[in-house]
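Novice: Could you build the full structure based on these sequences and the hints that come with them?
Quick note on numbering: this note's numbering labels position 141 of the sequence shown as 141, and the sequence is numbered without any gaps.
Please keep in mind that the hints were generated in silico from the structure rather than gathered at the bench.
Being a predicted model, the structure only gives us computed values, none of them experimental.
Some clues are possibly wrong.
[Unchecked claim] The following label-pair restraints were derived from C-beta to C-beta distances: (1) E84 <-> T182: 36 to 46 angstroms; (2) S181 <-> G156: 39 to 49 angstroms; (3) E110 <-> S79: 22 to 32 angstroms; (4) T57 <-> G7: 25 to 35 angstroms.
[Stated by the list, open to error] Derived pair list, reagent style DMTMM-like, types lysine to aspartate or glutamate, alpha-carbon separation capped at 20 angstroms: (5) K34 <-> E211; (6) K6 <-> E211; (7) K144 <-> D215; (8) K128 <-> D152; (9) K144 <-> E90; (10) K34 <-> D9; (11) K134 <-> E75; (12) K134 <-> D152; (13) K6 <-> D32; (14) K134 <-> E201; (15) K6 <-> D20; (16) K128 <-> D78; (17) K144 <-> E110; (18) K128 <-> D62; (19) K134 <-> E90; (20) K134 <-> E84; (21) K144 <-> E174; (22) K6 <-> D152.
Idealized CB from N, CA, C, for every residue including glycine.
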Amino acid sequence: MLTIRKGTDRGVTRYGGWLDSRHTFSFGEYQDPKHHQFRALRVINDDRVAPGGGFPTHPHRDMEILTCVLSGALEHADSMGNGEVIRANEWQAMTAGTGLTHSEFNPSDEEPVHLLQIWLLPDRRGLKPEYQQKVFTDADKSGKWALVASPDGANGSLTIHQNARVYQTKLRGEGVRHELSTGRAAFVHVATGTATVNGAELVAGDAVAIENERDVAVTGNGEVILFDLS
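Specialist: What follows is the structure in structure tokens.
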């Protein structure tokens with residue numbers, strides 16, 4: 001069964017002239033009981049931050065937070081002492097656990113940054129806060145699925161505290177396939193370009209929840225993210 005979530009139907013936040021955000025699930029002032037979460041996947045925010053703009057220091061706790069920079073760069077600082085710049089093709093993972101604070105800014109004077117911020121519910125509360133960051137090159141994901149996050153850090157992926165696996169592919173007309181184990185579901189988000197997912201034609205910002213299917217078949221031109229969820 002496929003349930004399509006059109007990008008044009010997502011929640012919208014525009015703030016201060018520097019933020020243009022789209023919310024796949026309920027977030028902040030946008031609350032939609034029909035689109036609150038999908039299994040352990042709680043947030044996909046599709047953010048565009050203008051040059052010099054950003055999120056001042058704010059807290060998080062008991063959440064697995066993934067950030068994927070699609071273009072531009074994002075400067076991060078947190079209460080764990082990390083101060084990094086995340087660039088295109090990089091992913092960041094934070095376990096908020098017992099609590100942390102962080103800030104995120106676009107360090108460029110000229111170029112906007114386009115990013116996805118993703119929240120997954122953790123498998124337990126009160127974890128020790130953690131930070132990870134890794135590059136996934138075009139070679140890693142071109143025409144194939146790159147495993148970017150998993151509960152066991154398989155294949156050099158970022159480690160998350162949830163029975164979920166997160167994949168990314170970059171397609172140029174070819175196709176990829178992902179098999180789903182019994183009882184598991186997929187949520188597929190088209191980050192850039194266009195894609196056909198199990199026969200459904202999607203564009204950037206669109207997503208589809210897939211349940212009671214044996215596999216996921218994707219063709220297209222662009223970047224696609226797949227969540228394999230228990």
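Novice: If a hint holds in the structure, say so; if it does not, say that too.
Specialist: Hint check:
Take E84 and T182: their Cβ atoms lie about 39 angstroms apart, and the range 36 to 46 angstroms holds. As the Cβ distance of S181 to G156 is approximately 22 angstroms, the hint placing it in 39 to 49 angstroms is violated. The supplied range of 22 to 32 angstroms is met by E110 and S79, whose beta-carbon atoms lie about 30 angstroms from each other. Hint check: T57 to G7, Cβ distance near 30 angstroms, so the stated range 25 to 35 angstroms holds.
At most 20 angstroms may separate the alpha-carbon atoms for a hinted pair to count; K34 and E211 meet this at roughly 16 angstroms. As the CA atoms of K6 and E211 are separated by approximately 17 angstroms, the hinted pair is consistent with the 20 angstroms bound. Of the supplied pair hints, the one linking K144 and D215 holds, its CA atoms being roughly 15 angstroms apart against a limit of 20 angstroms. Under the criterion of a C-alpha separation no larger than 20 angstroms, the hint pairing K128 with D152 is consistent with the structure, at around 17 angstroms.
At roughly 17 angstroms between alpha-carbon atoms, K144 and E90 fall within 20 angstroms of each other, so this suggested pair holds. Taking the CA atoms of K34 and D9, the gap is near 12 angstroms; set against the 20 angstroms cutoff, the hint holds. Taken as a hint, the K134 and E75 pair is honoured in the structure, with Cα atoms around 15 angstroms apart against an allowance of 20 angstroms. A threshold of 20 angstroms between alpha carbons decides the hint, and for K134 with D152 the separation of about 15 angstroms falls inside it, so the pair holds.
The suggested pairing of K6 with D32 holds, with an alpha-carbon distance near 14 angstroms, which does not exceed 20 angstroms. Restraint check for K134 and E201: not satisfied, since their Cα atoms lie roughly 31 angstroms apart, outside the 20 angstroms limit. A hinted pair counts as satisfied when its Cα atoms are at most 20 angstroms apart, and K6 with D20 qualifies at roughly 17 angstroms. At most 20 angstroms may separate the alpha-carbon atoms for a hinted pair to count; K128 and D78 meet this at roughly 14 angstroms.
With a C-alpha separation of about 33 angstroms, the suggested pair K144 and E110 falls outside the 20 angstroms cut-off, and the hint is violated. Annotation: proposed proximity of K128 to D62 holds, straight-line Cα distance about 9 angstroms (limit 20 angstroms). Straight-line distance between C-alpha atoms of K134 and E90 comes to about 6 angstroms, which keeps the hinted pair within the 20 angstroms bound. Restraint check: the Cα-Cα separation between K134 and E84 comes to about 11 angstroms, which is no more than 20 angstroms; the hinted pair holds.
Among the hinted pairs, K144 with E174 is consistent with the structure: their alpha-carbon atoms are about 9 angstroms apart, no more than 20 angstroms. Taking the CA atoms of K6 and D152, the gap is near 32 angstroms; set against the 20 angstroms cutoff, the hint is violated.
Comparing the model with each numbered hint stated earlier shows that hints 2, 14, 17, 22 do not hold.
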